[in-house]
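Let the sequences and hints guide you as you build the complete structure.
In terms of the working numbering, the sequence shown opens at residue 142 and continues consecutively.
Hints were generated in silico from the structure; no laboratory data involved.
On a predicted model such as this, the values are computed, not experimentally measured, just so you know.
Careful: at least some of the hints might be erroneous.
To be verified - Quick list of in silico lysine-lysine cross-link-like pairs, DSBU-like style, CA-CA up to 30 Å:
no., residue 1, residue 2
1, LYS178, LYS425
2, LYS232, LYS178
3, LYS247, LYS232
4, LYS291, LYS247
5, LYS232, LYS425
6, LYS291, LYS331
Unchecked claim - Label pairs and their computed distance ranges (CB to CB):
no., residue 1, residue 2, range
7, LEU322, ASN379, 19 to 27 Å
8, ARG417, LEU354, 20 to 28 Å
9, PRO191, GLN284, 32 to 40 Å
10, GLN284, GLU217, 21 to 29 Å
11, HIS440, LYS291, 13 to 21 Å
12, THR229, ASP429, 19 to 27 Å
13, PRO286, GLN437, 18 to 26 Å
14, PHE165, GLN437, 35 to 43 Å
15, GLN437, GLU217, 18 to 26 Å
16, ASP287, ASP233, 31 to 39 Å
17, ASN379, GLY264, 39 to 47 Å
18, GLN253, ASP325, 38 to 46 Å
19, ASP250, ASP230, 22 to 30 Å
20, ALA210, THR248, 18 to 26 Å
Backbone N, C-alpha and C fix where the C-beta goes; we use that ideal spot for every residue, glycine too.
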Amino acid sequence: MLDKVRGGLFGVAVGDALGATFEFMAREEIVSRHGSKREMVGGGWLGLQPGEVTDDTDMTLCVARGIIASPQDPVEEIGRQFLAWYQTDPKDVGATIRTALGAYTKTGDWEQARALTWQRHGGRVAGNGCLMRTLPISFAYFQAPDLLSKFSREVAFLTHPDPLAAEACLFYNVLAKELLLGEDPWSAFKRARSLVQHEQLAGRLDSFQSLALEELQPTGYVVDTLEAVLWCFFNGENIIDAIESAVNLGGDADTVAAICGGLAGTYWGCSSLPERWWSRLLRKEELDQLAVGLVQASHQVR
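Structure follows, in structure tokens:
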């Protein structure tokens, strides 16, 4: 169990650190200039050190810390963790998240912050910033499906007040939970898919297998991201193949690869990650500590 939880968290961080190098680049440019095999070299538009991560991992760790601090009802604590992180002036914060956390900083009320976020973005708030951070919920509440569903939606809604975004997070967390419990990927997918009611999301989930690589759209829209993640995960023969496929899509590469890495790490386990990747991560100790903490938290919410 711990190897899979560690794998999920390390998978997020590895995908993030690898993908950040190629964020906003076209897939053709990546392959022509850098080939298809990935090393952790840093750089990118943020000028990262090798092994440095972005907001994808930062916010995932916020969720994990919030759950560990208050496993019975973590949402408020997760919100506090988000705000504490935001106040450190991170290198990168997604537009929707910046609006939501900035609005809460001014109003002190999540409902008002959600309303302002919806208004300022014209209702276009189904971004992937909620999906990139949601995985720890799978690990803490895998034995409590009602809480997994509740907190998947509520944590998404802290910054992304859109039912589609919340349902994408729920789908992903149920899929990851089933992988954690040892289900094969397609059985896990069917279980998670059975809970999806949103028509657009359901349609895209039912058709992603038929897509060609060139049809994937690694954008910030949560459905595009989830589609690309699933394609890379289910077409990957191993954890390296899955994560490299996601990185090589370009576009929102750090987020797509982080979300894919979370699934791949949960399925194949941390022991399957190559040392040349995980050993370069700058926050290995914190990832290890939070993995242990999430396993311990899961025993408190049976």
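Hints versus structure:
The straight-line distance between the Cα atoms of LYS178 and LYS425 is roughly 23 Å, inside the 30 Å bound, and the hint therefore holds. With a CA separation close to 26 Å, the supplied pair LYS232 and LYS178 stays within the 30 Å bound. Between the alpha carbons of LYS247 and LYS232 the distance comes to roughly 21 Å, so the proposed pair stays at or under 30 Å and holds. About 27 Å separates the Cα atoms of LYS291 and LYS247, which keeps this hinted pair within 30 Å; it holds.
Straight-line distance between C-alpha atoms of LYS232 and LYS425 comes to about 20 Å, which keeps the hinted pair within the 30 Å bound. At most 30 Å may separate the alpha-carbon atoms for a hinted pair to count; LYS291 and LYS331 meet this at roughly 20 Å. Here the CB-CB span from LEU322 to ASN379 is close to 20 Å, well matched to the stated 19 to 27 Å. About 25 Å separates the C-beta atoms of ARG417 and LEU354, a value consistent with the hinted range of 20 to 28 Å.
Between PRO191 and GLN284 the Cβ separation comes to about 38 Å, which falls inside the hinted range of 32 to 40 Å. Checking the proposed 21 to 29 Å range against GLN284 and GLU217 shows it holds: the Cβ atoms sit about 22 Å from each other. For HIS440 paired with LYS291, a C-beta distance near 19 Å keeps the hint of 13 to 21 Å intact. At roughly 22 Å, the beta-carbon separation of THR229 and ASP429 lies within the given 19 to 27 Å, and the hint holds.
In this structure, PRO286 and GLN437 meet the distance hint of 18 to 26 Å, their C-beta atoms being roughly 20 Å apart. Evaluation of the 35 to 43 Å hint for PHE165 and GLN437 yields a pass: the beta carbon distance comes to about 39 Å. Remark: the range hint 18 to 26 Å for GLN437 to GLU217 is upheld by a beta-carbon distance near 20 Å. Hint check: ASP287 to ASP233, Cβ distance near 34 Å, so the stated range 31 to 39 Å holds.
For ASN379 and GLY264, the Cβ-Cβ distance of about 40 Å falls inside the hinted range of 39 to 47 Å, so the restraint holds. Look at GLN253 against ASP325: about 45 Å separates their beta carbons, and that is inside 38 to 46 Å. Roughly 23 Å separates the CB atoms of ASP250 and ASP230, a value that falls within the hinted 22 to 30 Å. Judged by the Cβ atoms, the range 18 to 26 Å given for ALA210 and THR248 holds: they are separated by roughly 23 Å.
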